[in-house]
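Enquirer: Order-wise, the sequence lines are chains V and G.
The numbering of the first sequence is numbering that gives the first Met the number 0, which starts it at 0 and goes up by one.
The numbering of the second sequence is numbering that gives the first Met the number 0, which starts it at 0 and goes up by one.
Misleading hints may appear alongside valid ones.
Here's a subset of chain V near chain G, in silico, CB distances under 8 Å, partners left out [to be verified]:
no.: 1; residue: N21
no.: 2; residue: D24
no.: 3; residue: D27
no.: 4; residue: G132
no.: 5; residue: M159
Once the Cα atoms are required to be at most 30 Å apart in a straight line, the calculated DSS-like pairs of lysine-lysine come out as [unchecked claim]:
no.: 6; chain 1: V; residue 1: K20; chain 2: G; residue 2: K317
no.: 7; chain 1: G; residue 1: K42; chain 2: G; residue 2: K137
no.: 8; chain 1: V; residue 1: K50; chain 2: G; residue 2: K317
no.: 9; chain 1: G; residue 1: K146; chain 2: G; residue 2: K14
no.: 10; chain 1: V; residue 1: K6; chain 2: G; residue 2: K385
Some chain V residues near chain G, calculated using beta-carbon distances under 10 Å [to be verified]:
no.: 11; residue: K4
no.: 12; residue: T13
no.: 13; residue: D14
no.: 14; residue: I22
no.: 15; residue: A25
no.: 16; residue: K123
no.: 17; residue: V158
I should point out that these hints are in silico values taken from the structure, not numbers from a laboratory.
Using N, Cα and C, we set each Cβ at its ideal position, and we do this for glycine too.
This is what each chain is made of:
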Amino acid sequence: MINLKEKVLRFLETDCRFSAKNIADALDVTEQQVADVIASCIDDGTILGYKALINWDKTARDYVSAMIEIKVQPEKGEGFDSVARSICAFDEVVSVFLMSGGFDLAVMIEGKSMREVALFVVEKLAVIDGVTGTATHFVLNKYKDKGVIFDEREKDTRVMTEF
Amino acid sequence: MEYEKLLTDTARNLKPSGIRKFFDVAERIPDVIALGVGEPDFKTPWHIRQAAIDALSKGQTRYTSNAGLMPLREEIAAYMNRRFALDYDPVSEITVTVGGSEAIDNIIRSVVSFGDEVLIPEPSFVCYAPLTELAGGKPVILPTYEKDGFKLMPETVKNAITEKTKLLIMPYPNNPTGALMLKEDCEKIAAVLKGTDVLVLSDEIYIELNYSGSPAFSFAQTEGMKERTVVVNGFSKTYAMTGWRIGFACGPKEIMKAALKIHQYGIMCTPTVSQYAAIEALKNGDDDIEYMRQNYNMRRRFLLDAFQSLSVPCFEPKGAFYVFPNISGFAANSEDFCNDFLEKAHVAVVPGSAFGESGEGFIRISYAYSLDHLKKAVERLEKYLKR
Chain V
0 MINLKEKVLR FLETDCRFSA KNIADALDVT EQQVADVIAS CIDDGTILGY KALINWDKTA
60 RDYVSAMIEI KVQPEKGEGF DSVARSICAF DEVVSVFLMS GGFDLAVMIE GKSMREVALF
120 VVEKLAVIDG VTGTATHFVL NKYKDKGVIF DEREKDTRVM TEF
Chain G
0 MEYEKLLTDT ARNLKPSGIR KFFDVAERIP DVIALGVGEP DFKTPWHIRQ AAIDALSKGQ
60 TRYTSNAGLM PLREEIAAYM NRRFALDYDP VSEITVTVGG SEAIDNIIRS VVSFGDEVLI
120 PEPSFVCYAP LTELAGGKPV ILPTYEKDGF KLMPETVKNA ITEKTKLLIM PYPNNPTGAL
180 MLKEDCEKIA AVLKGTDVLV LSDEIYIELN YSGSPAFSFA QTEGMKERTV VVNGFSKTYA
240 MTGWRIGFAC GPKEIMKAAL KIHQYGIMCT PTVSQYAAIE ALKNGDDDIE YMRQNYNMRR
300 RFLLDAFQSL SVPCFEPKGA FYVFPNISGF AANSEDFCND FLEKAHVAVV PGSAFGESGE
360 GFIRISYAYS LDHLKKAVER LEKYLKR
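All chains should be modelled from the sequences, with the hints used to inform the complete structure.
Expert: Structure below.
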């Protein structure tokens with residue numbers, strides 16, 4: 000059995016605008032129960048924030064993003080953590096993951112232009128102590144992010160065939 | 000050619016869908032909010048679509064046996080056992096059909112001949128009476144009422160049974176009212192039927208969309224009723240598979256044998272690719288059903304709360320994905336209400352009268368729409384009522 004916490008989180012992950020009442024209605028529990036679950040998830044850091052998922056290509060904003068592969072010399076006693084934390088500190092960095100495989104950290108970066116992103120990598124990331132190499136991959140098109148397919152807001156094609 | 004002369008009286012006199020014109024008008028209004036359709040807004044879950052693609056890739060594109068692929072019939076038998084503790088023999092008691100509609104047609108044609116009477120509760124889905132007429136039978140309408148939660152009352156059935164009665168349709172969970180027949184309700188109907196030769200066609204296409212808190216209950220589970228019940232079910236509503244056109248019927252082998260002959264000559268077999276998709280749905284689709292049901296329940300309660308705050312009376316439906324509010328206090332009849340609501344608020348809903356006379360005074364609102372869509376519709380309803 001999936002517990003209530005996971006059920007509630009699944010709804011919020013689908014659409015964080017669902018109210019506690021909406022979710023309670025779906026799951027046949029009380030609004031207070033859902034509110035309590037959400038409150039405790041915020042308290043213990045299970046829920047870290049609520050953000051809109053934006054397709055910046057639909058705006059006039061100059062926007063590029065890139066995935067940077069970073070190779071790191073791990074520090075004794077610290078492993079990859081201190082390098083990862085240094086990288087996290089930059090506003091330009093959207094996400095940082097420790098990876099298995101041919102490189103160590105995968106870092107997503109946003110910027111206004113390819114030049115800006117490339118310079119950021121060279122000037123800010125490559126020079127961090129412990130970073131031994133970088134490879135920059137620019138995102139050319141976003142098809143799907145956070146479970147949402149971009150450019151697929153289909154029209155409702157259902158017809159009154161039967162009722 | 001004098002085409003009119005060619006047509007049979009039955010075909011000529013079949014009532015056309017009066018609602019068609021209304022929705023043609025609605026579709027031309029650019030900012031219209033439709034609440035009309037009776038099919039899920041969810042897409043068929045990907046793993047089910049993938050199973051169909053795999054079947055095509057492997058070239059599984061030939062006829063199947065008339066009754067359907069044996070592995071599918073076995074999965075249907077397992078499903079009926081798992082969900083309803085009912086046992087059907089996949090060889091002789093289950094047929095895979097082109098949607099629930101074909102199954103309904105086959106069963107009616109198997110047992111109804113000229114002059115036979117078919118008991119049809121109303122308001123209900125619109126196919127039962129025309130299909131009865133096409134078989135030469137006579138539809139006998141059993142009205143149901145808001146005061147009874149639109150349940151079929153045993154005395155209504157009792158008073159309608161004559162020596163010509165062949166078949167009782169049990170359209171629950173009900174389209175358009177959302178009414179459910181619980182175990183105890185079914186038992187009361189069973190008490191009336193015992194000792195008669197009336198067969199029951201239980202149209203259970205919405206049975207998985209149940210918000211009553213009790214497990215879904217099939218009429219065939221009612222004590223003593225399995226032997227006289229044909230259950231019709233399908234994949235359209237449960238798994239969001241409307242366009243796949245696949246359903247099934249389970250019932251006594253004597254009836255199923257006759258219905259299979261009609262299916263064999265009229266249809267041959269249900270599309271093979273859809274059958275492979277249906278196997279996947281039954282094997283691995285239980286979580287999908289639950290997820291969609293929870294979402295529908297959220298929307299159902301949202302609408303009921305909204306009607307309450309707007310003082311629009313609405314009994315609480317416990318099944319399907321429709322609410323059936325009473326608008327008799329706002330307009331002379333349901334068609335007037337729908338026309339005016341469409342014209343002034345640009346919201347399209349279906350008049351209750353489209354589902355039979357006893358639906359007059361009500362409108363059907365489908366909540367097979369996103370919560371955002373329903374919120375917009377409620378905002379318009381509020382403005383409309385405050386005018």
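Enquirer: The hint names A25(V) as touching chain G; please verify it with the least Cβ-Cβ distance against 10 Å.
Expert: With a minimum Cβ separation of about 4 Å from chain G (threshold 10 Å), the hint on A25(V) holds.
Enquirer: For the restraint on I22(V), tell me whether the closest CB of chain G is nearer than 10 Å.
Expert: Nearest chain G Cβ about 7 Å off; hint holds.
Enquirer: Is it true that the CA of K6(V) sits at most 30 Å from the CA of K385(G)?
Expert: violated (38 Å)
Enquirer: Is K42(G) close enough to K137(G), meaning Cα to Cα at most 30 Å?
Expert: violated (38 Å)
Enquirer: For the hint on D14(V), does the least C-beta distance to chain G fall short of 10 Å?
Expert: holds (8 Å)
Enquirer: Can M159(V) be said to touch chain G, with a Cβ gap under 8 Å?
Expert: Since chain G brings a Cβ to about 4 Å from M159(V), closer than 8 Å, the hint holds.
Enquirer: Can the hint on T13(V) be confirmed by a CB-to-CB distance to chain G that is less than 10 Å?
Expert: holds (9 Å)
Enquirer: Between K146(G) and K14(G), is the straight-line Cα distance small enough, at 30 Å or below?
Expert: Roughly 29 Å separates the two Cα atoms, so the pair holds.
Enquirer: K50(V) and K317(G) were given as a pair; does the straight-line alpha-carbon distance stay at or below 30 Å?
Expert: violated (35 Å)
Enquirer: Can the restraint linking K20(V) and K317(G) be considered satisfied, given a maximum Cα separation of 30 Å?
Expert: holds (18 Å)
Enquirer: Verify the interface restraint on D24(V): the C-beta must sit less than 8 Å from at least one C-beta of chain G.
Expert: holds (4 Å)
Enquirer: Holds or violated: the hint that K123(V) contacts chain G, with Cβ atoms closer than 10 Å.
Expert: violated (40 Å)
Of the numbered hints stated above, those contradicted by the structure are hints 4, 7, 8, 10, 11 and 16, listed in ascending order.
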